[in-house]
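Line by line, the protein sequences are chains A and B.
31 is the number of the first residue of the first sequence in the numbering used here; add one for each residue after it.
523 is the number of the first residue of the second sequence in the numbering used here; add one for each residue after it.
Treat the hints with caution; some may be incorrect.
[As the list claims (entries may be wrong)] As a list, the in silico DSBU-like pairs of lysine-lysine whose alpha-carbon atoms are at most 35 Å apart:
#1 A/K173 <-> A/K143
#2 A/K143 <-> B/K527
#3 A/K60 <-> B/K532
#4 B/K567 <-> A/K37
#5 A/K143 <-> A/K176
#6 B/K532 <-> A/K69
#7 B/K567 <-> B/K527
Note that these hints are calculated values from the structure, not bench results.
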Amino acid sequence: MAAVAAKYKDFQDLGVEVLSISVDSHFVHKMWQDYELSKMVEGGVPFPMLSDGTGNIGRIYGVYDEDAGVEMRGRFIIDPDGVVQAIEIVTPPVGRNVSELIRQIQAFQHVRKTNGEEATPSGWQPGRPTLKPGPELVGKVWKVWKTDLAF
Amino acid sequence: MKELKIGCGKPTGAKVGEPPKEKTHAEELQSTKEEMMTPVRVGTKATDFEAPAYQNGNFGQVKLSDYLGKWVVLCFYPGDFTFV
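Whenever a hint applies, use it, and build me the whole structure from the sequences.
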């Protein structure tokens with residue numbers, strides 16, 4: 031959460047709202063903010079920290095671990111229409127990559143801006159070429175896109 | 523974040539941006555169960571929920587559908603004071 035908070039301005043610049051959620055109560059969220067997060071990031075976590083004490087929200091989102099009674103690391107990119115565009119779920123010991131999250135948001139926003147006329151190839155970053163899916167492109171991707179562009 | 527009476531975190535039984543269907547109480551219980559069983563998938567509407575929240579020194583109630591019209595990143599994590 032601290033890593034997301036550290037890049038909060040980037041999310042704001044992209045017009046993205048962040049919500050974090052765990053089975054802890056909102057009271058414990060406050061203690062975590064006061065005692066630890068505020069020491070990791072200046073000002074602490076600026077976005078709402080939600081409480082899902084029963085795990086019922088996590089169950090629907092497929093991240094609740096019934097045996098451990100906690101939620102796995104799951105992040106969902108939801109577009110302005112309320113449609114889930116991307117899901118990443120990992121088990122607790124491995125943290126996420128905030129830079130990749132931002133890159134995916136930029137890619138989804140670009141696709142939305144072009145009304146789906148453009149698609150972003152592997153590893154796409156703003157400024158790099160996109161693909162325009164259509165009959166002419168079938169079998170010709172190799173002409174307009176090289177694997178070097180993915181990295 | 524709305525400063526409202528704080529309830530527990532729960533799914534509302536509707537998809538984001540769609541009104542809850544008008545049904546009898548029994549049907550409502552059944553449909554809520556069905557919504558509960560419908561897993562969230564990419565390309566489909568997120569299931570709406572509301573939950574108590576802490577933000578910048580305040581407690582409040584957050585509802586996912588209040589964010590319609592904006593991009594949202596929803597991050598689940600195992601627990602406060604975990605290490606990663």
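Verification of the supplied hints:
1. A distance of roughly 25 Å separates the Cα atoms of A/K173 and A/K143; the hinted pair therefore holds under the 35 Å criterion.
2. In summary, the hint linking A/K143 to B/K527 is not supported, as the alpha carbons are separated by about 38 Å, beyond the 35 Å threshold.
3. The hinted pair formed by A/K60 and B/K532 meets the criterion: a straight-line CA distance of about 20 Å does not exceed 35 Å.
4. Taking the CA atoms of B/K567 and A/K37, the gap is near 27 Å; set against the 35 Å cutoff, the hint holds.
5. Annotation: proposed proximity of A/K143 to A/K176 holds, straight-line Cα distance about 24 Å (limit 35 Å).
6. Annotation: proposed proximity of B/K532 to A/K69 holds, straight-line Cα distance about 31 Å (limit 35 Å).
7. For the proposed pair B/K567 and B/K527, the alpha carbon gap of about 27 Å is at most 35 Å, so the pair holds.
Violated hint for the displayed structure: number 2, the only one.
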